[in-house]
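Let the sequences and hints guide you as you build the complete structure.
Listed in order, the protein sequences are those of chains S and A.
Everything in the first sequence is counted per this note's numbering, starting at 116 for the first residue and increasing by one.
Everything in the second sequence is counted per this note's numbering, starting at 15 for the first residue and increasing by one.
The hints are simulated quantities; they were obtained by calculation from the structure and are not laboratory data.
Every value quoted in this text rests on a predicted model; they were computed, and no experiment measured them.
A few of these clues could be false.
Claimed, not checked - For each label pair, taking beta carbons as the anchor points, the in silico distance ranges come out as:
#, chain 1, residue 1, chain 2, residue 2, range
1, S, A225, A, T481, 40 to 50 angstroms
2, A, G337, S, G144, 20 to 30 angstroms
3, A, D158, S, Y269, 46 to 56 angstroms
4, A, W139, S, K293, 40 to 50 angstroms
5, A, G262, S, E226, 18 to 28 angstroms
What the hints assert, rightly or not - Some chain S residues flagged as far from chain A (calculated, every beta-carbon gap over 12 angstroms):
#, residue
6, K178
7, F187
8, P196
9, T207
10, V208
11, G211
12, S224
13, K247
14, E249
15, A260
Heads up, the beta-carbon is just placed ideally off N, CA and C, and yes, glycines get one too.
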Amino acid sequence: MNTEQPQPRPASHTRIVRRLVLVAVAMFGFGFALWPLYSVFCDLTGFGGRGIQVAESGQQLQKSDRQVKIRFDATVNSGLPWLFQAKQKTATVSLGEMSEAFYLAMNNSAEPMAGRAIYNVTPPEASLYFVKTECFCFTEQVLQANESREMPVYYFIQPDLPDHIKEITLSYTFFRDKNQSAEALAAFGDSNPAEVSGSR
Amino acid sequence: MSIEHTHGHDHESHAAHDDHHDHKPTGFLNRWLFTTNHKDIGTLYLVFALLMFFTGGAMAMVIRAELFMPGLQLVEPDFFNQMTTMHALIMVFGAVMPAWVGFANWMIPMMIGAPDMALPRMNNWSFWILPFAFAMLLSTLLMDSGGPAAGWTLYPPLSLQGGQSFAFVVFAVHMMGISSIMGSINVIATILNMRAPGMSLLKMPLFVWTWLITAFLLIAVMPVLAGAVTMLLTDHFFGTSFFNAAGGGDPVMFQHIFWFFGHPEVYIMILPAFGVVSEIIPTFARKPLFGYTAMVYATASIAFLSFIVWAHHMFTVGMPLTGELYFMYATMLIAVPTGVKVFNWVSTMWQGSMTFETPMLFAIGFVVLFTIGGLSGLMLAITAADLQYHDTYFVVAHFHYVLVPGSVFALMAGAYYWLPKWTGHMYSEKWGKIHFWISAISVNILFFPQHYLGLAGMPRRIPDYSTQFADFNMISSIGGFIFGASQLIFVGVILHCVYKSREAASGRVWEGARGLEWILSSPPPYHSFNTPPVIDATTVAHAGEAH
Chain S
116 MNTEQPQPRP
126 ASHTRIVRRL
136 VLVAVAMFGF
146 GFALWPLYSV
156 FCDLTGFGGR
166 GIQVAESGQQ
176 LQKSDRQVKI
186 RFDATVNSGL
196 PWLFQAKQKT
206 ATVSLGEMSE
216 AFYLAMNNSA
226 EPMAGRAIYN
236 VTPPEASLYF
246 VKTECFCFTE
256 QVLQANESRE
266 MPVYYFIQPD
276 LPDHIKEITL
286 SYTFFRDKNQ
296 SAEALAAFGD
306 SNPAEVSGSR
Chain A
15 MSIEHTHGHD
25 HESHAAHDDH
35 HDHKPTGFLN
45 RWLFTTNHKD
55 IGTLYLVFAL
65 LMFFTGGAMA
75 MVIRAELFMP
85 GLQLVEPDFF
95 NQMTTMHALI
105 MVFGAVMPAW
115 VGFANWMIPM
125 MIGAPDMALP
135 RMNNWSFWIL
145 PFAFAMLLST
155 LLMDSGGPAA
165 GWTLYPPLSL
175 QGGQSFAFVV
185 FAVHMMGISS
195 IMGSINVIAT
205 ILNMRAPGMS
215 LLKMPLFVWT
225 WLITAFLLIA
235 VMPVLAGAVT
245 MLLTDHFFGT
255 SFFNAAGGGD
265 PVMFQHIFWF
275 FGHPEVYIMI
285 LPAFGVVSEI
295 IPTFARKPLF
305 GYTAMVYATA
315 SIAFLSFIVW
325 AHHMFTVGMP
335 LTGELYFMYA
345 TMLIAVPTGV
355 KVFNWVSTMW
365 QGSMTFETPM
375 LFAIGFVVLF
385 TIGGLSGLML
395 AITAADLQYH
405 DTYFVVAHFH
415 YVLVPGSVFA
425 LMAGAYYWLP
435 KWTGHMYSEK
445 WGKIHFWISA
455 ISVNILFFPQ
465 HYLGLAGMPR
475 RIPDYSTQFA
485 DFNMISSIGG
495 FIFGASQLIF
505 VGVILHCVYK
515 SREAASGRVW
525 EGARGLEWIL
535 SSPPPYHSFN
545 TPPVIDATTV
555 AHAGEAH
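Here it is as structure tokens:
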């Protein structure tokens, strides 16, 4: 207050403060920019095991003699009272060979419920070579009370999979989608999964 | 509050010096609430940090008391988790960081020959935000949903499962961030614009250099933390899915963003400690600092490297091999500039005429014990080994070694070193030494056994443990109680020095002290260096080293 310095201030304080505030604001923005940057980075490199390729229609399959072992893993988030398991623990597939795997989901509760499966591939770099042509994780899944359903995945492994990868684990976690009202869920037909466009 | 001491001895040591500059505002509110004086604000910061040190320390005592024996004795597990979380938040943001800002306020203008900080009113604001921020943070303990209990790193999804009080935590962190950023802007503007004529950058004391670099780190990473907790806030209350896997987000991304802040943050807490120790060791070894320029460049290198090693905190999330190797080697690279620093401190002492007053004891204790913490950090950097150490008491032992006998010992060294300068009185050397020896011994009893606990697999942040960990935990708790109690000696020494000590300190205070703060009287006049001092070999420590 009244203890202000008699010393004249160098005029450049304003300039330096303006620059530093700008840096701070830019870094705040950078924190948020990390979110899209991270997604792009993971999609390109496979870091995080989410780089799964979705096949384009009419893609040519080049079969190879090399085989890899695929392990299937299933988890349910505690917020969703479903039973969810892989019908087969492992499979051995040839590279480039179209294969299918089945999961089984069962709604243990007395009300209809929507779930969404989030996938992950280990080792992460294998996700770049893991191509799914059809998957229950592409859309939201609705199960009526006590309904159970077999859920298929159609996939193949690209033949240029790096040599050091001998085993691949495909993991799904089912989360509850709470955005759907009970009426909307009940209106879903048994074999009519909602066509909700996935975010990724 | 113990902050009225400067009234008591206006008439003493500096009556003849700068008397017309020594008019302090009258009235308690004018003096402390509205102050724009860097010395007053420095005192406020230091007193606040000491209060928070004891608040966080009390929580540590609860933790160690619960861990004294296996089984649940004293507190509920959820309250235990709140204690570990709050202990960390308060010690990091409430004790260590404000204490360093307090030192910066007091010492930087005097060390570079400036009359005050560049932006005195903003300086007042940066301090007075803090009591409100911590009142908000602490108030969560009284709320229905309790305080934050997911660890100070606030990892989702666990941190998002807390109750409504989470919003208070987020806004408290925002306020601490704003305070730190304003303080840093002030420090940078002061150092770059207000040095006395002739005080070139490479003549500045190392404490000023380390704080300049620290301030840049703060401006770069505190906003990133603010962004991360804002995303947590919107995930918790507004239905966004930044970190929610079900909605397409990724909880691991929070860890990346958090540690992009968090790793520079640990250097924010330790770089000013390097600076203080680099001031104290030359004084009591009566030799100039060995390798001044190397120290400056080493500090800058450490600061740069801190931005590119963050993922070594999260080796267990599942990273490609190339990523693990990169973060392992980049982390180990930090040992090089840090090793330069330790080497230079030891070389400064080599063949010096050393005496062992309390500040020097704490500084040497810092060098030895911080190095132990640095070496356990190297062990943690080894990716393959980290999979075993991760989230165990080995990590707890590591970061407490660098923070307690590291950063906190340097704070105490600095407090003893400059206390006679600030108050104009000598503290009790006898009680200072007693404080050092009890602290130095008990801190090792407290943290050294935790290495063994961690190697044996005891997880951190758990209120109960398997019986094979019982003995080391009991030893650790006993060390903790002694260490906690011995800090009361520190308070006693300060109060005695401020109010009771009759032994006047000279301006120089320490025979070997060099630097502009020592050409002022003790205590310094309320407004110092209104006329810039002369910079030459008789007044500054590094005058001969300008290249």
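Cross-check of the supplied hints:
Judged by the Cβ atoms, the range 40 to 50 angstroms given for A225(S) and T481(A) holds: they are separated by roughly 44 angstroms. Between G337(A) and G144(S) the beta carbon distance is about 25 angstroms. The supplied range of 20 to 30 angstroms therefore holds. Look at D158(A) against Y269(S): about 50 angstroms separates their beta carbons, and that is inside 46 to 56 angstroms. The supplied range of 40 to 50 angstroms is met by W139(A) and K293(S), whose beta-carbon atoms lie about 42 angstroms from each other.
Checking the proposed 18 to 28 angstroms range against G262(A) and E226(S) shows it holds: the Cβ atoms sit about 25 angstroms from each other. Against chain A, the non-interface label of K178(S) holds: every CB pair exceeds 12 angstroms, the least being about 27 angstroms. Taking the minimum C-beta to C-beta distance to chain A, about 18 angstroms, the non-interface status of F187(S) holds against the 12 angstroms cut. Listed as outside the interface, P196(S) is consistent with that label: its C-beta sits roughly 15 angstroms from the nearest C-beta of chain A, beyond the 12 angstroms cut-off.
At the 12 angstroms boundary, the C-beta of T207(S) stays outside the reach of chain A, the nearest C-beta of that chain being 24 angstroms off. V208(S), annotated as away from the interface, keeps every beta carbon of chain A farther than 12 angstroms; the closest lies near 23 angstroms. No Cβ of chain A comes within 12 angstroms of the Cβ of G211(S); the nearest lies about 24 angstroms off, and the non-interface call holds. Listed as a non-interface residue, S224(S) keeps its Cβ farther than 12 angstroms from every Cβ of chain A; the least gap is roughly 17 angstroms.
Every C-beta of chain A lies more than 12 angstroms from that of K247(S), the closest at about 17 angstroms, which supports listing it as non-interface. Even its closest Cβ contact with chain A, about 20 angstroms, leaves E249(S) beyond 12 angstroms, as expected for a residue assigned away from the interface. Distance check on A260(S): its Cβ is at least 21 angstroms (rounded) from any Cβ of chain A, clearing the 12 angstroms threshold; non-interface status holds.
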